[in-house]
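Number of protein chains: 2
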Amino acid sequence: MPISVLQFGLGEIGTRIAKLLTEKEGIEIIGATDIDPEKVGLNLSGYLGIEEELGVKVLEDPQEVFSKEPDLVLHSTGSHVPDIYPQLEQCIKAGASVISTTEELSYPYLRNPDLSRDLDEMAEKEGVSVLGTGINPGFIMDYLPTVVSGPMQEVQSVFVQRIQDASVRRKPLQSKIGVGLDQEDFQTEIAEEGGHVGLAESVAIVGGGMGLELEEITETIEPVIAEEGKTTDFFHADPGQVIGIKQVSIGRYKGEALITLDLRMYLDAEEPRDYIKIEGSPEMELTLSGGTHGDVATPAVAVNCIPKIVEASPGLHTMITLPSPAYFEDLDNKDIILSNILS
Amino acid sequence: MPISVLQFGLGEIGTRIAKLLTEKEGIEIIGATDIDPEKVGLNLSGYLGIEEELGVKVLEDPQEVFSKEPDLVLHSTGSHVPDIYPQLEQCIKAGASVISTTEELSYPYLRNPDLSRDLDEMAEKEGVSVLGTGINPGFIMDYLPTVVSGPMQEVQSVFVQRIQDASVRRKPLQSKIGVGLDQEDFQTEIAEEGGHVGLAESVAIVGGGMGLELEEITETIEPVIAEEGKTTDFFHADPGQVIGIKQVSIGRYKGEALITLDLRMYLDAEEPRDYIKIEGSPEMELTLSGGTHGDVATPAVAVNCIPKIVEASPGLHTMITLPSPAYFEDLDNKDIILSNILS
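From first to last, the protein sequence lines stand for chains L and G.
Residue 327 in the working numbering is what sits at position 83 of the first sequence, and the numbering runs on without skipping anything.
Residue 251 in the working numbering is what sits at position 7 of the second sequence, and the numbering runs on without skipping anything.
The set of hints was computed from the structure by calculation and includes no laboratory data.
Be aware that one or more of the hints could be misleading.
Said to hold, decoys possible - Only part of the chain G face toward chain L is listed, based on derived beta-carbon distances under 10 angstroms: (1) Ser393; (2) Ala448; (3) Thr504; (4) Thr536; (5) Leu586.
Said to hold, decoys possible - The calculated lysine to any residue pairs, modelled on SDA-like cross-linking and capped at a C-alpha distance of 25 angstroms, are: (6) Lys420(L) to Thr475(L); (7) Lys474(G) to Ile407(G); (8) Lys369(G) to Lys369(L); (9) Lys369(L) to Gly534(G); (10) Lys263(G) to Glu398(L); (11) Lys578(G) to Asp579(L); (12) Lys415(G) to Ala556(G).
It should be emphasised that the depicted structure is a prediction, and the values quoted were computed from it without experimental measurement.
A virtual CB, placed ideally from N, CA and C, is assigned to each residue, including glycine.
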């Protein structure tokens, strides 16, 4: 029996997740929902541009799909836990496990400890598992450095720097990082809104993953300013205007910075990459060349977590409480044992 | 209550594990065993060179320690599953979980499927968990690439290259890679003995972790030949003699190489590093600068797996069935929740 899945949210990421789900064996999409009037009523296969006829129409109300009792919900609607809490509650009470790309859900205890406890209790009671994941937060700046500490006898400090070239990204990302704004508008429109959501959560994932008792997590956001005029498909920035963001979140213990996460997303950023350096014994220094494109990688992480969440104990999980997601083709083949093939 | 541990084997790795165990909170070494007559009877604190008096004497017979009912055994005695099977059986039947650095145990199904099934059943029956791990096999060339595939929508092929400078390694490693041998002696003494143990297991971990149905795993071993004379603290190689090893293991499906692991260990190797490249979408290319020193990292991986194995379901595990090991200081603090510290 394939696992039955509801795709909850058909924005950019949700749509890519739905398409990726159709490419996997052992997974059946039995419903898709979105509130966008232009999407409601569409045939999902046509909307995704795939040949296979899924027999699924995009609905506005997920409750109609819950009557079909999906095993699992892939959820991509918002960034903040309080906003999406009622949706999670609806999924859990319908008996479905949830994998969500909600940024704050990657480590929900940080900003919403009470809601997190409620989610955990509710999921345990209903016998389902809930996970927030994605590439950032969820993998590159938090889960991966935690994994990389696995061969270390001693950790003194963790530094992660993610440099993304925003020139090749889509409009919402360029908008999110303030491309084309004056510096004073950046302060009110970007900096006060918090910029990229989830950087402090990433600090907490690293700290929680290594059992480090952080006493404080801070975040700062600065604009990156154009030295020369720059034009993208969507925006233009004159010299002196904003072309992106430099956001830093630091986790401290007794005033000392133990974890520093440095995220830079701006137009024409040179040498985009993900870089992890953990001081200690042995020192670990790792570079992912070219960086990791969020629009491709976030759907992949979410889908690749499916084999892990279906076997997880009930309750609210984070990436550090589950076995690592890995690429898979066929959900029914995930427990393959390789024997007697040595020649 | 701290977790009580028996250190089973006090060779180079076992000794380093024991020392690292004494540096962790929430873990108590209640026994240590080794068959070396020069170690039997020694006071463990003195042998490890630590100030804390552990009150443990090195014993020849582990059975004496099992009467104290250790929760966990850290096991480092051999490389091959059939050789250490009776020791694992002894641990399991004494009701202790096991973390072992036995290379073949990192993926025991490959060479010993029947013994693996027996271990799994025995561990389940006794309610304990068994894991084989280490840095290589166990982490760098297998677990880490599997993790790195987590953000991938499609995987076409996996290539991992580990280049180690053997000049800075200890005598047994230099001996294992044939330093100073003539080329014909290399064939009989090194190549036919299989070289580094565990490279084919690493291929199987990657294949199993990604659900890839490999049909064949092959291994080749070649000597690296001195162009000029080289002298280490332990050996000398004239031009034309062996200074190390190049070992390649390939996992194939329908004749196509899906997984290629390339291990080079030789004197004065330039740019020692670990390099992972996974072709697919998105392509992942990762470099760990300087490589990862096995004598430091293997004990760390083994000890850092403790929090994961004590919470694991009973049975025989591999790295891909458990949450990732991560650095920790205090076993009692491993489930720390970070809340309300955002400022």
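Exercise for the section: Find the hints from earlier in the document that the structure breaks and name them by number, from lowest to highest. Expected result: 3, 8, 9, 11, 12
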